[in-house]
Amino acid sequence: MNGVAQGLWDAWWLIITFDADLYEIIFLSLQVTVSAVIIASIIGLPMGAWLAVNRFRFRRFVIAVLNALMGLPPVVVGLFVYMALSRAGPLGGFGLLFSPSAMIIAQVIIITPLIASISHQTIRDLWAEYHDLLISMNATRMQRIKALLWDGKRALLTATLAGFGRAIGEVGAIMIVGGNIEHATRVLTTAIALETGKGNFAFAMGLGLVLIMLSLLVNLLIHSLSRTERASTW
Amino acid sequence: MVILPLQLNGATATMRGKTLVGPVDLTLAINGLTMLIGPNGAGKTTLLRLMHGLQRCAGGSVSWAVSAQVARQNQAFVFQAPIMMRRRVIDSLAYPLRLRGMGKPAARVKAIECAARFGLTELLESWAPMLSGGEKQKLSVARALIIAPEVLFLDEPCANLDGRATREIETILKIAQDAGTRIIMSTHDMGQAGRLADDVIFMYDGNVHETANAKTFFAKPQTGLAQAFINGDIIE
Chain A
41 MNGVAQGLWD AWWLIITFDA DLYEIIFLSL QVTVSAVIIA SIIGLPMGAW LAVNRFRFRR
101 FVIAVLNALM GLPPVVVGLF VYMALSRAGP LGGFGLLFSP SAMIIAQVII ITPLIASISH
161 QTIRDLWAEY HDLLISMNAT RMQRIKALLW DGKRALLTAT LAGFGRAIGE VGAIMIVGGN
221 IEHATRVLTT AIALETGKGN FAFAMGLGLV LIMLSLLVNL LIHSLSRTER ASTW
Chain B
5 MVILPLQLNG ATATMRGKTL VGPVDLTLAI NGLTMLIGPN GAGKTTLLRL MHGLQRCAGG
65 SVSWAVSAQV ARQNQAFVFQ APIMMRRRVI DSLAYPLRLR GMGKPAARVK AIECAARFGL
125 TELLESWAPM LSGGEKQKLS VARALIIAPE VLFLDEPCAN LDGRATREIE TILKIAQDAG
185 TRIIMSTHDM GQAGRLADDV IFMYDGNVHE TANAKTFFAK PQTGLAQAFI NGDIIE
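Those sequence lines, one after another, are chains A and B. Be aware that the first sequence starts at 41, since it is given in my numbering, and climbs by one per residue. Be aware that the second sequence starts at 5, since it is given in my numbering, and climbs by one per residue.
In short, the hints are calculated from the structure, not lab data. Yeah, the Cβ is synthetic: ideal placement off N, Cα and C, and Gly gets one too. Careful, some of the hints might be misleading.
[Unchecked claim] Some chain A residues judged to face chain B by a derived CB distance under 8 angstroms, without partners named:
no., residue
1, L112
2, Q161
3, D165
4, E169
5, M177
6, L189
7, D191
[Stated by the list, open to error] Distance condition first, Cα-Cα at most 27 angstroms in a straight line; then the derived DSS-like pairs of lysine-lysine:
no., chain 1, residue 1, chain 2, residue 2
8, B, K224, B, K178
9, A, K186, B, K114
10, A, K193, B, K219
Using the sequences and the hints, build the whole thing.
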């Protein structure tokens, strides 16, 4: 217990003294995750809306696949991205392996189905409500998608935050494609894995607390900025 | 742009093989306010949706004086249960104009003018889904009228409203009619039909049972069924 307390104190000390290494890890974690969430949202949100609004052959199959992909094993994604980015792979020429870019690519692949699937469910409900109105107003397909994304933005925030939650806590894929290289690709989750491997459980727990606090802070910040749960807003 | 007359030739609406409405033969001329009346399940809503293009025509035809696309641009629909966009009243009012390519500042100016015309000024900054039932329906009608449609369809717009709200909606409809909008609406309220209608279409069991000038219809309906409906008898 003393060891745990000591570890937590050490972690706290590193935070309040603005330890350069720790903050480098925190900022890289945020950089990789926020980039991945932005890219995945740009792809996933319109994809979810498009699936909700359009009727086409194999639509149910596509939705089922998308839902299944929400549970994509990160390690497998990491392996595929590794193979694609390695020198012998099709994207090897870009030299992205063991870089933050590779980690972002892996995270985008992991969280895009999650964001698309949750947003599809949200938009589908809103589309059922708006359908007659938007058809009656002669809105084009693009205008319908735009209106649904705009009016559903607060609910869609949940999809984005779910993606953030999954990405910030992800370790398997980014360990494989990032390599957990100090001052280059080490993020909070891979650092926790490393410290645990070294037997520094207390310090690993401290880093874990930082990770949880970071996740909470980002969620609170986004909710605050988007004015959700306020009496006068929808 | 004159999109009327509207002609229905053997128009039929079906759902899963079952005929909901039709075949209907009808011509709606350029002027007047046409009221669709009839008991529940008579097909009033389906016929309105068929005319507006929300319901696919399974047989026969629904045609305007212009192409369907042009006709669609010049008509609007008010639903029985108001569909409120998750926006402020001002943005809800401006939305149909934005869809037509009007810039946001210009659309908002028009929305403010429209709100003033229909007594919605005080609600401009309110969230549309949080309005009362009467306010929501008033907003729905104002939103439909902001594009100055040539034809306005209304599906029992006062069904769930009290007397005061009903009077407000009726006043708005009279203003719209005076401004040249052709109104085609359904109602259960015989008093409202008597106050507003120029022509009446009496529907029963998915078919047009009787069409007549409103005064003639209420004074001397041609069928016993229509007479019973006017008298308030239960018809099945």
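Here's how the hints hold up against the structure:
no.: 1; hint: L112; verdict: violated, 32 angstroms
no.: 2; hint: Q161; verdict: violated, 17 angstroms
no.: 3; hint: D165; verdict: violated, 12 angstroms
no.: 4; hint: E169; verdict: holds, 7 angstroms
no.: 5; hint: M177; verdict: holds, 6 angstroms
no.: 6; hint: L189; verdict: violated, 12 angstroms
no.: 7; hint: D191; verdict: holds, 4 angstroms
no.: 8; hint: B:K224 / B:K178; verdict: holds, 26 angstroms
no.: 9; hint: A:K186 / B:K114; verdict: holds, 22 angstroms
no.: 10; hint: A:K193 / B:K219; verdict: violated, 51 angstroms
Going down the numbered hints, you'll see the structure goes against 1, 2, 3, 6 and 10, while the others check out.
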